[in-house]
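J.: Residue numbers (this note's numbering), protein chains in the order written: chain A, 2 to 249; chain B, 14 to 273.
The hints are simulated quantities; they were obtained by calculation from the structure and are not laboratory data. Errors might be hidden in some of the hints.
Said to hold, decoys possible - The following residues of chain A were derived to be distant from chain B, with all beta-carbon distances above 12 Å: (1) Met2; (2) Asp65; (3) Gln108; (4) Pro109; (5) Asp129; (6) Pro170; (7) Gly174; (8) Gly188.
Unchecked claim - Computed list of lysine to any residue pairs in SDA-like fashion (alpha-carbon distance at most 25 Å, straight line): (9) A:Lys107 - A:Ile118; (10) A:Lys107 - B:Arg47; (11) A:Lys15 - B:Asn236; (12) A:Lys107 - B:Val49; (13) A:Lys107 - B:Pro51; (14) A:Lys15 - B:Val139; (15) A:Lys107 - B:Asn236; (16) A:Lys53 - B:Phe40; (17) A:Lys53 - B:Gly240; (18) A:Lys107 - B:Arg56; (19) A:Lys107 - A:Pro128.
Stated by the list, open to error - Stretches of chain B that chain A covers, calculated by requiring three or more beta carbons in the stretch to come under 8 Å of a beta carbon on chain A: (20) 122–128; (21) 147–158.
Even glycine gets a Cβ: it sits at the ideal position worked out from N, Cα and C.
Single-letter residue listing:
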Amino acid sequence: MITLTGVTKSFGAKRVLQGVDLTVDSGTSMVVIGGSGTGKSVLIKCILGLVKPDAGTITLDGQDVTLADRDAFLARFGMLFQGGALFDSLRVWENVAFRLMQGALKQPADRARAVAIEKLRRVGLGPDVADLFPAELSGGMQKRVGLARAIAAEPEVIFFDEPTTGLDPIMAGVINALIREIVGEMGATAITITHDMTSVRAIADRVAMLHDGVIRWVGPVGELDATSDPYVQQFVHGRADGPINPVR
Amino acid sequence: MTPAVPLAALGRATLGAVAAVGRVAIFAGLILARMVQPPFYARAFVTALMQIGWFSLPVVGLTALFTGGALALQIYSGGARFNAESVVPSIVAIGMVRELGPVLGGLMVAARVASSIAAEIGTMKVTEQIDALVTLSTDPIRYLAVPRVLAATLAVPVLVAVGDTIGIMGGWLVGTTRLNFNSATYIRNTVDFLEFWDVGSGLVKGAAFGFFIALMGCYHGMNSARGAQGVGAATKAAVVSASVLILAANYLLTEVFFTS
């Protein structure tokens, strides 16, 4: 279980997170929605330790993440970055097997390659892709490789940062379905950042809305349409009029 | 405008410069500390060695060749004013190995390598590849900076040695074909005049310049601002700062090596 309590983060005068309280139960798929620039990515970077919060606590299974052994802590996580963040200088299989080729999880190269090819197959890519470089792949294929990399070490918690941004609707649907299937079969905890409502409905067990630096609403995905919260309603229906100022 | 306004601006600029030096020094310390602690990334080191050393050979060689030739012409025409044309071989040799080989070689490598490192690491930063490294339990300084700094520190002295040799050959080529020097005499004067420390000091300078080149490339790349403009600014800052450091370090090392 991941618990955030009173997490704040500012960049200069800009207060991005202003006291975020959020609990994500183990094995559930939480989707965090919110407008662009509301701090959704900062939120998951705080959990991972990529950004240091100004105040507040973040715990994983009751242990403060800042006190945990860093390598052991990160080994429990996988992350799919918005743009894929694949390493240009490495081949596809080396990207996927990156974690398996160093540190505590280090394996022989042929074994790591076999695992990478299996994970590529799991995301619908053939072994012929393994020896290509990321620049030779389409955007959708890069996202799939990023997904394969995120699940390569079978993490307990997986983050998805805008997994369908920049993809056509069909490829977005494929990625959403893959995320749902993989999270389900691995029994992993998933936190997804998105403002794509199709993704929300496809991926989420629970939804949290981040607005003005705090969690404005949180509940099961089935209650998303029924809630009377005007912020959620404006966001879900994509209305220009409402309490959320479209010009931020 | 009160007198305090320019003083305040001067104070801010001074504090900013001191803070920047401090940040670079801390970054250099982090790299040096990781050089002696495993894990080491041998493949990244070999790749960096090829990129920095092997692929810089043509530009360093051509620079040295033309510089050695021009130096021979200049010394010949200058020496003719007091009947000292015969010093061409020895002055070309000492000029190349002590100063021009290390400095021009260093500046050419700075232009080629510091820019390349800063652009590559800067792009990795803005495309979240450095964040990805962290989430994959990999220290970006250890994985990206240490192999490059170590490779540059080892490769640039070798480039300087090659550049010295080619530069002296350039002088010999011009001396024997344009200035009517006897080939055997030219070579004997070159070899006889040079001392070990003439060459050794240039190689030590090369190692220092290599360290600064890669350090500046990595530092500015890792601190790149967002977007194409941010990466462009980081690249420019890397080349400028590496070049200035090379020239400043060259003066200081010359003071240390040759004035005592």
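J.: Against each hint, give a clear statement of whether it holds in the structure.
T.: Each hint, compared with the structure:
Even its closest Cβ contact with chain B, about 20 Å, leaves Met2 of chain A beyond 12 Å, as expected for a residue assigned away from the interface. Taking the minimum C-beta to C-beta distance to chain B, about 19 Å, the non-interface status of Asp65 of chain A holds against the 12 Å cut. With a least beta-carbon separation of about 14 Å from chain B, Gln108 of chain A lies farther than 12 Å from that chain, consistent with its non-interface assignment. Look at Pro109 of chain A: its CB is around 15 Å from the nearest CB on chain B, clear of 12 Å, so calling it non-interface holds up.
Non-interface status of Asp129 of chain A relative to chain B is upheld: no Cβ of that chain comes within 12 Å, the nearest being about 24 Å off. Here Pro170 of chain A stays apart from chain B, with its beta-carbon at least about 24 Å from theirs, past the 12 Å limit. With a closest Cβ-Cβ approach of about 24 Å to chain B, Gly174 of chain A is found to remain outside the 12 Å limit, as its non-interface label requires. Interface exclusion of Gly188 of chain A from chain B stands, the closest Cβ pair being 20 Å apart, more than 12 Å.
Note on Lys107 of chain A and Ile118 of chain A: the hinted pairing holds, with a Cα-Cα distance of about 17 Å set against a maximum of 25 Å. Restraint check for Lys107 of chain A and Arg47 of chain B: the C-alpha separation of about 20 Å stays at or below 25 Å, so the hint holds. The straight-line distance between the Cα atoms of Lys15 of chain A and Asn236 of chain B is roughly 20 Å, inside the 25 Å bound, and the hint therefore holds. With a C-alpha separation of about 21 Å, the suggested pair Lys107 of chain A and Val49 of chain B falls inside the 25 Å cut-off, and the hint holds.
Restraint check for Lys107 of chain A and Pro51 of chain B: satisfied, since their Cα atoms lie roughly 14 Å apart, inside the 25 Å limit. Between Lys15 of chain A and Val139 of chain B, the direct Cα distance comes to roughly 20 Å. Compliance with the 25 Å bound is thereby established for this hinted pair. A threshold of 25 Å between alpha carbons decides the hint, and for Lys107 of chain A with Asn236 of chain B the separation of about 30 Å lies outside it, so the pair is violated. Taking the CA atoms of Lys53 of chain A and Phe40 of chain B, the gap is near 19 Å; set against the 25 Å cutoff, the hint holds.
At most 25 Å may separate the alpha-carbon atoms for a hinted pair to count; Lys53 of chain A and Gly240 of chain B meet this at roughly 23 Å. A C-alpha spacing of about 15 Å is found between Lys107 of chain A and Arg56 of chain B, which places the hinted pair at or below 25 Å, so the restraint holds. Under the criterion of a C-alpha separation no larger than 25 Å, the hint pairing Lys107 of chain A with Pro128 of chain A is consistent with the structure, at around 22 Å. For the stretch 122–128 of chain B, the stated coverage by chain A is not satisfied: 0 residues place a CB nearer than 8 Å to a CB of that chain, which falls below the threshold of 3.
Coverage of a stretch by a chain is defined here by at least three residues with a beta carbon nearer than 8 Å to that chain's beta carbons; for the stretch 147–158 of chain B and chain A the count is 5, and the condition holds.
When each numbered hint is compared with the structure, violations occur for hints 15 and 20.
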